[in-house]
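*Asks:* Using the sequences provided together with the hints, build the complete structure.
Listed in order, the protein sequences are those of chains H and A.
Counting from 1, one number per residue, gives the positions in the first sequence under my numbering.
Counting from 462, one number per residue, gives the positions in the second sequence under my numbering.
Read the hints as simulated data drawn from the structure, not as lab findings.
Quantities reported herein were computed from a predicted structural model and do not represent experimental measurements.
In this text, a Cβ means the ideal position worked out from N, Cα and C, and glycines have one as well.
There may be inaccurate statements among the hints.
Covered stretches of chain A, as calculated for chain H (at least 3 residues, CB under 8 Å) [said to hold, decoys possible]: (1) 626-639; (2) 798-804; (3) 864-872.
Computed footprint of chain H on chain A; a stretch qualifies when at least three of its residues, placed anywhere within it, have a C-beta under 8 Å from a C-beta of chain H [what the hints assert, rightly or not]: (4) 678-692; (5) 716-729; (6) 835-843; (7) 898-905.
Number of protein chains: 2
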Amino acid sequence: MSLPNLDTLRDALPGLRLLSDANDLAHYGRDWTRRWTPAPFAIALPASVDEVVGIVRWAREARVALVPSGGRTGLSGGAVAANGELVVSLERMNRVIGFDPVDRLLHVQAGITLQAAQDAARDHGLQYPVDFAARGSCTIGGNINTNAGGIRVLRYGNTREWIAGLTVVTGAGEVLRLNNGLVKNSSGYDLRQLFIGSEGTLGIVVEAMLSLTEPPPPTQVMLLAMPDFDAVLAAFAALRAGLRLEAFEFFTARALAHVVAHGGQRPFAEDYAFYAVVEYAHEGEADETAALALFEQGMTEGWALDGVIAGSEAQAAQLWRLREGITESLASHTPYKNDVSLRISALPAFLHEAEALLAAEYPHFEVVWFGHIGDGNLHINVLKPADLAAADFVRDCERVTRLLADLLAKHGGSISAEHGIGLVKKPYLQGTRSAEEIALMRGIRQVLDPDGLMNPGKLID
Amino acid sequence: MSLPNLDTLRDALPGLRLLSDANDLAHYGRDWTRRWTPAPFAIALPASVDEVVGIVRWAREARVALVPSGGRTGLSGGAVAANGELVVSLERMNRVIGFDPVDRLLHVQAGITLQAAQDAARDHGLQYPVDFAARGSCTIGGNINTNAGGIRVLRYGNTREWIAGLTVVTGAGEVLRLNNGLVKNSSGYDLRQLFIGSEGTLGIVVEAMLSLTEPPPPTQVMLLAMPDFDAVLAAFAALRAGLRLEAFEFFTARALAHVVAHGGQRPFAEDYAFYAVVEYAHEGEADETAALALFEQGMTEGWALDGVIAGSEAQAAQLWRLREGITESLASHTPYKNDVSLRISALPAFLHEAEALLAAEYPHFEVVWFGHIGDGNLHINVLKPADLAAADFVRDCERVTRLLADLLAKHGGSISAEHGIGLVKKPYLQGTRSAEEIALMRGIRQVLDPDGLMNPGKLID
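*Replies:* Below is the structure:
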């Protein structure tokens with residue numbers, strides 16, 4: 001590629017906001033991985049679909065690679081720009097375009113934050129139910145590009161379920177308006193589905209029609225303490241059968257210790273090995289009775305060691321903070337993050353083998369487990385010892401991740417449940433997707449992005 | 462293409478069951494459209510994934526086109542073999558492979574009927590909730606290839622929502638085992654989604670993992686009589702807000718007359734213009750009170766003219782028969798079927814324009830409306846007058862369908878909600894999908910089916 005000339009872009013799109021000072025390049029060139037040195041060529045901040053089209057057309061002409069950019073809260077390097085790319089930030093395209101109460105559709109620009117979309121839904125008496133801790137910074141466009149999951153998947157599914165329409169600008173600079181909010185549309189390949197989870201490699205998601213649903217029922221939040229992984233699984237099975245669960249999030253003693261060190265409130269006088277924040281529908285006496293009976297059953301059967309039910313909204317928020325504060329409380333330890341998923345039935349065997357593997361391979365590293373057991377999704381965070389160089393730490397983690405990927409392949413799991421592949425997981429994709437699948441992905445990418453300009457190097461080569 | 466030699470296929474796959482007598486060619490070469498003269502070259506009935514792979518490899522070598530074939534209950538010509546193709550019938554691959562109670566997954570071969578899959582789910586105390594009248598003959602593979610909808614979409618969504626894993630043999634003869642039943646899997650393009658709704662043009666679906674859910678709640682069935690389309694929409698809005706709807710299916714006086722002529726039980730002494738079969742959760746006194754109050758409200762507001770609530774399961778079945786018997790009762794009239802969908806918010810304007818259009822363009826034809834108003838899905842059946850030649854009738858219907866397609870495009874609708882495009886709707890696809898989308902579909906098809914052997918001529922050219 002020849003050296004790009006920003007003036008030609010300025011000439012083509014006189015109104016386009018462009019940034020190129022060093023601070024901006026650093027800010028927009030990285031995501032939450034912090035592993036790559038940001039080195040974009042410039043930052044474009046389009047304000048309209050037409051400007052995005054203009055950018056892609058210019059990029060084809062100038063042969064400049066593009067990195068679509070949302071809230072850059074990603075954990076897999078999917079939004080990193082470290083090779084002279086033009087970052088296309090959607091942050092100015094953050095409006096609600098429209099709402100229809102009959103269709104229950106919220107039409108948004110892709111740069112809107114998840115939180116703003118949730119708030120807009122709530123203002124209309126409805127709910128956009130995808131939810132996770134980064135809600136205030138992550139964007140709907142980014143959520144779509146990773147098919148984001150989060151803490152309510154158990155009840156509401158992943159982002160994919162809630163995208164009734166999608167507007168994208170392909171790598172060829174064409175605008176596709178996909179599905180238009182229809183409930184039923186059997187008119188050929190559903191290209192919308194292809195873009196969901198495509199990590200910016202096929203085009204730029206510029207707008208979405210979000211399906212909304214009824215607000216959640218009144219809920220209650222319980223914190224459970226448990227002795228081991230088998231108990232976590234038993235607790236989940238019992239509570240799922242007896243309550244209408246909205247969320248079931250587990251974490252280990254180590255995760256709790258970090259959150260408490262960062263200001264979280266210690267929930268019990270004693271320490272336990274495992275905890276779960278459980279949120280369940282609570283519409284009356286009967287729900288409370290059922291929850292208490294299940295807890296008693298857990299104490300009797302041994303899968304519950306202690307428990308507390310929130311007595312107020314403030315206490316519920318405090319209990320949730322123990323789970324939602326984990327990522328932030330680990331950040332200073334530069335964790336290496338695994339984000340694996342398995343069928344729930346495969347979890348018991350996998351967990352035992354994975355625990356043994358990690359104990360053997362990481363004798364000196366602290367390993368923190370948490371995640372969404374009801375979706376088969378485990379987050380395994382390995383913390384960098386303060387005295388170890390970052391490069392050495394990552395090298396060792398990559399060695400072990402390869403072993404973990406083999407274990408996942410053996411148990412039919414995935415190397416990425418919800419973070420995406422990006423740069424971080426690319427070396428391990430073969431354990432999850434077959435060589436034939438990867439070759440087909442490459443072929444499909446070529447169809448949508450004939451010049452290879454869309455987020456090159458991410459997901460697959 | 463050179464003339465294929467069946468002996469080479471026999472040699473390659475000695476155990477493969479093959480049929481080639483005239484009756485079989487006629488039987489397996491057509492679907493419910495009955496418009497094309499079946500003329501397949503032969504019928505293959507593989508019993509395993511390996512045999513399907515062998516067939517595709519042979520077809521590539523011999524340059525023979527393949528038509529994947531399920532229950533052939535399709536209404537768009539998607540399973541028609543009229544050009545010397547080899548039909549690949551999945552009817553021998555109709556087994557339940559496995560069930561996992563923890564994952565709530567039913568693993569089936571694609572040739573299993575919808576009914577058999579539903580029954581297997583029920584045997585395990587769970588529900589496979591996709592449902593429609595052809596359940597006894599249509600297959601899961603066919604359902605997947607059209608993303609089948611049916612009568613419970615309102616509550617449970619389309620087939621797409623329930624496919625947790627998919628095994629396909631691509632047009633290149635490669636076996637893809639996609640997603641393996643995982644709830645969360647953000648590891649690149651979700652190829653599974655691409656095959657759902659692909660009408661056999663990318664490969665052959667050979668196995669599926671079906672997600673199961675809780676059995677439905679106890680329900681009650683109500684039949685409503687209404688004066689006009691606006692009343693149908695008002696009734697739907699009121700009942701959706703006040704009841705937990707499992708289904709809301711409307712039909713017109715003409716539809717009822719045909720079903721009654723075929724042995725259906727006339728529900729009311731008087732005739733009304735519109736009817737709806739409504740099924741709703743009925744778990745106690747409160748649900749009954751709510752339903753009756755809504756009916757009273759409808760009588761007061763004018764959107765309900767009469768109504769009956771089933772007093773027994775037998776009566777509920779009788780009411781359902783008024784809706785489910787429509788397709789069969791019209792069959793002798795060789796109906797031309799439209800299967801359109803719109804956003805619900807677009808229905809009022811579309812319905813008035815479409816009614817006027819059809820009244821003006823079909824002054825001498827009987828037009829029967831029914832469908833799934835809550836999904837924005839209308840079935841418009843035009844009946845052939847007995848004295849009109851079939852070819853002339855179809856020609857006239859195609860002329861009007863083009864006008865209808867323009868109207869759909871104006872209102873953002875789709876020419877096919879759930880039947881698929883096949884041969885019947887192919888001329889009108891451009892109204893629903895843009896030229897860019899169709900070109901991309903063509904490119905993707907080329908990637909999955911490089912030799913153009915998979916159901917050629919269907920969906921797109």
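*Asks:* All hints, please: hold or fail.
*Replies:* Verification of the hints:
no.: 1; hint: 626-639; in the structure: holds (count 6)
no.: 2; hint: 798-804; in the structure: holds (count 3)
no.: 3; hint: 864-872; in the structure: violated (count 0)
no.: 4; hint: 678-692; in the structure: violated (count 0)
no.: 5; hint: 716-729; in the structure: violated (count 0)
no.: 6; hint: 835-843; in the structure: holds (count 3)
no.: 7; hint: 898-905; in the structure: holds (count 6)
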